[in-house]
Amino acid sequence: MSHSVLEVKNLSKTFGTHLVLQDVSLTVNPGDVTSIIGSSGSGKSTFLRCINLLETPTSGQIIFHGDEVTAPGFDAPSYRAKVGMVFQSFNLFNNMTVLDNCLVGQTKVLKKDKKDAQDMAMMYLERVGMAPYINARPSQLSGGQKQRVAIARALAMEPEILLFDEPTSALDPEMVGEVLDVMHDLAGSGMTMLVVTHEMAFARDVSNHVVFLSDGLVCEEGSAEEIFGNPQQERTREFLARYMAR
Amino acid sequence: MKFINDILKIITEYGSSYLTGAGNTLLLALIGTVIGCIIGFAVGTVQATPLPEKGGKRVLMRIVRGILRGYVEIFRGTPMIVQAVFIHYGMFYMGLKPAIWFSGILVVSINTGAYMAETVRGGIMSIDQGQFEGAKAIGMTHNQTMINVILPQALRNIIPQIGNNFIINVKDTAVMSIIAFMDLFSIHKSVVGSNYLYFPSAVLTMAIYLTMTLVSSVLLRWWEDKMAGDANYDIVNTKDTLAQTSGLYRAKKKEAKR
Ligand SMILES: Nc1ncnc2c1ncn2[C@@H]1O[C@H](COP(=O)(O)OP(=O)(O)OP(=O)(O)O)[C@@H](O)[C@H]1O
Ligand SMILES: [Mg+2]
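For the protein sequence lines, the chains are D and S, in the order given. Quick note on numbering: the numbering used here labels position 132 of the first sequence as 132, and the sequence is numbered without any gaps. The numbering used here runs 1000 ahead of the 1-based position in the second sequence.
Derived by calculation from the structure, the hints in this document are not laboratory data. Glycine included, each C-beta is placed from N, C-alpha and C at the ideal position. Treat the hints with care, since some could be wrong.
A few chain S residues that face chain D, going by a derived Cβ cut-off under 7 angstroms, partial list only [as the list claims (entries may be wrong)]:
{"id": "1", "residue": "I1004"}
{"id": "2", "residue": "D1006"}
{"id": "3", "residue": "G1015"}
{"id": "4", "residue": "S1016"}
{"id": "5", "residue": "G1130"}
{"id": "6", "residue": "G1134"}
{"id": "7", "residue": "T1141"}
{"id": "8", "residue": "Q1144"}
{"id": "9", "residue": "Q1153"}
{"id": "10", "residue": "E1224"}
{"id": "11", "residue": "M1227"}
{"id": "12", "residue": "A1228"}
{"id": "13", "residue": "I1235"}
From chain D, some residues computed to sit far from chain S (all C-beta separations above 12 angstroms) [as the list claims (entries may be wrong)]:
{"id": "14", "residue": "T56"}
{"id": "15", "residue": "Y79"}
{"id": "16", "residue": "N91"}
{"id": "17", "residue": "P173"}
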């Protein structure tokens, strides 16, 4: 347990008086693929956003390789460079080409030289199948293509853990597959991943740990077999029944 | 007939003066707009920066913002002709001897800067929050985010307003004759002062101003199009076959990891 990548302890978050997360704890070990499932508004995005400090947790601790992320004066930018994030809405830089999107973090944040950065970017763009599009701008790509570039951009930073916030929810059905395939491949290669998703098949087949959030609380967690095969909580059963019925 | 003759008379006698005046007008408008934009970007960026959560920095930022707000309000809220005499004669009053060009550029820059500050602030605020978050998420600091991601997009969005400001400056620098700046309108005033051909000179002056603004419009459109970037992109061929087949990745079965 002491070698965990990330440890979240009793994380709570309130917006004004609205308690969105309550005492959420989670341990992520190297190579884990953790899926976070739960109905809309249960706090999944807020949880991920707290982890890379896009939101400031109200209380609790986040520990990354033994360092307390939530401590005052913590260097958030260099921490975020090690924690990749893939957003539902891609958030590619609109003023840059596909290649530059994958270069800018490496050269400006990691201060790598241009040549090394370029090799790294090309390697990951090839991996997600977007190498032919290096000169395109985000506005010229389909949603699935944008998301694959966004994944390459995150990977090019060589993060120790990659967070996904519903990476396929904004995509047309026929594009979901291409993004899930890339994520499947990543999981197989040993990438540590924390995935918020509504793709139950993906959560079931790819993750080794599943967390079911309900109203800001961890209602149930366990292996994919446990959660999908034999859920213990009534709420989990209801939630899954609704999803599987679709 | 008399009108044509008068115009020709002005052109042959004073043609080169009008051209010099037009040149000065354009140069003053151009320099003033460029410096004004730089001021506007600096001020607008500070105004659009979120306040730190707490502490001394927050207080400092509040004060800086208050001062900048005052600057914007004062120079947007007073006529440029009054600002010109205020600044030019103000400097004399304090014992300085500013060159007329210096005062002219200063006034136009400061005035344009006040307008541009608001434009830039709006330009930054109109950028999707996701762009900030995307940059933050790969570890960029606030300044890196602004320089590499936000300001280039804001600049592109506000090019029409920059152009608009330039065209306004081409016309409004006419008020600089108040501090004896030799712009096109000053030439008109000095020419009619000696030959009383008010109307023909006014026609000529109007025509020159209109030519300048129309040409500027065309050039600005061209710049706008150029900044919009290529409409097409080339597919780059890679040797790597993964690139072509990636859509066909088959899921590898998960391994027991725990
Ligand atoms: N910035 C904010 N200010 C106030 N309330 C917020 C803010 N962000 C989220 N919330 C609230 O927190 C709750 C949880 O939101 P969150 O986005 O984390 O849900 P979610 O589980 O990701 O839902 P979805 O599946 O729809 O994405 C919601 O009730 C939402 O209204
Ligand atoms: Mg969400």
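Fill in: Violations among the numbered hints
1, 2, 3, 4, 10, 11, 12, 14, 15, 16
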